[in-house]
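Peer 1: Single-letter residue listing:
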Amino acid sequence: MPISLEHVSFTYMKGTPFEKTALHDVNLQIEKGEFVAVIGHTGSGKSTLVQHLSGLLHPQKGSVCVDGVNLNAKNAAAKKARNSVGMVFQYPEHQIFAETVYEDIAFGPRNKGLTPEGTDRAVKDAMAFAGLDFETFAQRSPFRLSGGQMRRVAIAGVVAMEPDYLILDEPSAGLDPRARDEIFKEIMALYRKRGIAVILVTHNMEEAARYATRLLVVSDGRIILDGVPHEIFTNHKEELLKVSMDVPPVYKLAECLQEHGLNVKSTPELADLERQILKVRRSRHAD
Amino acid sequence: MQSLIEIKNLKHSYIDTDGNEIHALNGVSLDIYKGEFIAVIGANGSGKSTLARHLNALLLPTEGKCVVAGMDTADDKNLWNIRQHVGMVFQNPDNQIVAAIVEEDVAFGPENIGVPPAEIRTRVDNALAAVGMTEYAKHAPHLLSGGQKQRVAIAGVLALEPDCIVLDEPTAMLDPRGRIEIVNTVKKLNREKNITVVYITHYMEEAMQADRIIAMEHGVIKMHGRPEEIFTKVKELHALGLETPLAAQAAFDLRQKGIKLADGIISNEELTEELCR
Chain A
36 MPISLEHVSF TYMKGTPFEK TALHDVNLQI EKGEFVAVIG HTGSGKSTLV QHLSGLLHPQ
96 KGSVCVDGVN LNAKNAAAKK ARNSVGMVFQ YPEHQIFAET VYEDIAFGPR NKGLTPEGTD
156 RAVKDAMAFA GLDFETFAQR SPFRLSGGQM RRVAIAGVVA MEPDYLILDE PSAGLDPRAR
216 DEIFKEIMAL YRKRGIAVIL VTHNMEEAAR YATRLLVVSD GRIILDGVPH EIFTNHKEEL
276 LKVSMDVPPV YKLAECLQEH GLNVKSTPEL ADLERQILKV RRSRHAD
Chain B
34 MQSLIEIKNL KHSYIDTDGN EIHALNGVSL DIYKGEFIAV IGANGSGKST LARHLNALLL
94 PTEGKCVVAG MDTADDKNLW NIRQHVGMVF QNPDNQIVAA IVEEDVAFGP ENIGVPPAEI
154 RTRVDNALAA VGMTEYAKHA PHLLSGGQKQ RVAIAGVLAL EPDCIVLDEP TAMLDPRGRI
214 EIVNTVKKLN REKNITVVYI THYMEEAMQA DRIIAMEHGV IKMHGRPEEI FTKVKELHAL
274 GLETPLAAQA AFDLRQKGIK LADGIISNEE LTEELCR
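Those protein sequences? They're chains A and B, same order as listed. Oh and the first sequence: position 163 is 198 in my numbering, straight run, nothing missing. Oh and the second sequence: position 8 is 41 in my numbering, straight run, nothing missing.
Since the hints were made in silico from the structure, they are not lab data. Think of the CB as a built atom: it goes at the ideal place given N, C-alpha and C, for glycine as much as any other residue. Treat the hints with caution; some may be incorrect.
[Said to hold, decoys possible] Example chain B residues on the side facing chain A (calculated, C-beta under 8 Å, incomplete):
id, residue
1, Gly211
2, Glu276
3, Leu308
[Unchecked claim] A few chain B residues facing chain A, derived, Cβ under 8 Å:
id, residue
4, Thr50
5, Gly179
6, Glu202
7, Met206
8, Leu207
9, Asn301
Please model the complete structure; the sequences and the hints are all you need to start from.
Peer 2: Written out as structure tokens, the structure is:
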């Protein structure tokens with residue numbers, strides 16, 4: 036069952052001189068099992084979009100449904116539906132609040148009504164999942180951790196809720212390359228194991244190319260491109276540049292080689308591009 | 034070349050709230066020369082930002098020395114003078130913009146240090162022109178894009194007419210165009226106005242633009258050299274938890290597979306040229 040937006044519009048500061056329409060009649064369906072990357076320039080409306088997916092903002096026009104239940108209704112089914120959507124914000128330190136890592140992660144499961152034993156299990160599972168050793172971290176203050184560790188606590192707190200839809204708003208901003216890889220390893224493991232939908236907001240084209248099964252490009256409150264990342268990065272470069280986006284480095288390298296007459300195809304994988312280069316070199320030497 | 038900033042055996046440690054002594058900098062020695070563009074890379078927690086904050090006396094050495102334009106940062110009476118020599122730009126533009134109109138924001142610094150009004154006007158106009166934001170002078174900063182806001186923040190520092198600008202991950206929150214805008218702006222200020230740049234980043238493609246690169250780990254400098262020297266040491270970089278620009282990685286991999294390539298390849302153009310020869 037999908038999460039679906041129908042004819043959703045949203046305007047900030049309506050009726051004031053600062054009125055700004057952030058979403059224009061957006062229609063979108065995301066199925067479980069999809070890994071959707073959302074890209075768009077600052078102010079494009081992508082954050083407004085994902086806040087609608089998680090029920091944090093209510094559409095002024097249209098509706099948002101999760102598994103057929105309207106997120107903005109005021110009943111038990113709507114509450115359950117909202118609980119099925121987890122969101123990790125860009126600044127994990129903003130969503131961390133408790134005195135210990137354990138208490139922070141336990142907040143969601145407890146609120147959901149889990150028993151103390153159930154909560155304990157959920158916390159342990161989530162911590163193991165996020166690569167946080169229980170003995171080392173459970174009783175530590177989350178505020179004294181490194182940026183990468185804080186992010187893991189925030190992810191663990193959301194994972195402990197066992198969401199069917201996981202929204203991540205630039206989870207790797209400001210992290211070094213190794214920490215970036217580690218965070219994504221965890222996200223991919225969760226995605227594969229639980230068959231959930233992941234919705235990733237990112238400014239990093241490489242992440243979109245490497246992990247996503249589907250790419251949404253948002254500009255001026257509209258979804259202007261929706262498709263397979265490889266297809267969009269290969270065939271829609273001009274449109275991407277026009278809306279302040281770009282293609283990933285590996286596509287740029289392939290393009291540079293093509294412009295100089297080397298017969299290689301664009302690919303999201305550097306290893307694949309290298310194989311093609313080797314092949315071209317060999318055939319050239321064979322001539 | 035004349036050094037603008039001299040750092041000698043700089044150590045910085047503090048006691049954290051659990052009572053442990055943390056050594057953020059463990060003996061860093063570095064000369065930063067006038068007019069150079071230096072990039073600092075390193076994993077989270079390697080000491081990059083701590084080092085940067087010593088350059089304009091936001092932090093003071095526990096041991097060792099940091100001397101800016103001949104002034105010791107540990108001496109109180111140099112403080113304001115040092116901060117006019119070295120300006121800082123941080124990661125999040127929203128945290129460093131103070132006014133409701135772009136040009137007023139840029140004027141904030143010079144007003145604070147008592148620059149005469151007529152000169153403030155000139156400085157603000159020049160600073161906005163230097164970052165390509167003249168046409169937005171009367172705009173509200175919160176309605177600008179991330180890259181534009183960050184350029185306003187840079188203009189705010191420029192209006193103090195510093196010799197050196199230190200930028201701590203200025204593109205971490207920006208979209209691809211915003212990142213290009215910032216890198217190009219910084220390069221232009223360095224080349225055309227001879228402003229010394231210290232640029233901290235996790236993006237190797239940005240670090241590649243510098244004259245010199247410093248790679249840090251555990252509070253010390255582990256690697257130090259020109260981009261083509263640093264980025265061809267693929268294994269050492271990986272050991273520090275860092276990456277290389279894509280073309281350098283490809284050159285490394287292809288060499289391992291037996292393709293002969295010239296040394297020092299770090300850009301797409303260099304790699305393409307080698308492969309097409």
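Peer 1: Classify the hint on Gly179/B as holds or violated, based on whether any CB of chain A lies nearer than 8 Å to its CB.
Peer 2: Result: holds, 4 Å to nearest chain A Cβ.
Peer 1: Would you check whether Asn301/B satisfies its interface hint, that is, whether its CB is within less than 8 Å of any CB in chain A?
Peer 2: For Asn301/B, the interface hint holds, since the closest Cβ of chain A sits about 4 Å away, which is under 8 Å.
Peer 1: Tell me if Thr50/B is really an interface residue toward chain A, meaning its C-beta lies closer than 8 Å to one of theirs.
Peer 2: holds, 6 Å
Peer 1: Tell me if the interface restraint on Gly211/B is satisfied: Cβ within less than 8 Å of some Cβ in chain A.
Peer 2: Holds - the Cβ of Gly211/B comes within 8 Å of chain A, reaching about 7 Å at its closest.
Peer 1: Less than 8 Å between beta-carbons is the criterion; does Leu207/B satisfy it with respect to chain A?
Peer 2: At about 7 Å, which falls below the 8 Å cut-off, the nearest Cβ of chain A leaves the hint on Leu207/B intact, so it holds.
Peer 1: Under the criterion of a CB-CB separation shorter than 8 Å, is Leu308/B in contact with chain A as hinted?
Peer 2: Constraint on Leu308/B satisfied, holds at 6 Å.
Peer 1: Using Cβ atoms only, decide whether Met206/B comes closer than 8 Å to chain A, and label the hint accordingly.
Peer 2: Nearest chain A Cβ about 6 Å off; hint holds.
Peer 1: Classify the hint on Glu276/B as holds or violated, based on whether any CB of chain A lies nearer than 8 Å to its CB.
Peer 2: holds, 4 Å
Peer 1: Minimum Cβ distance from Glu202/B to chain A below 8 Å?
Peer 2: With Cβ-Cβ at 6 Å, under 8 Å, it holds.
Going through the hint list in order, the structure satisfies each hint without exception.
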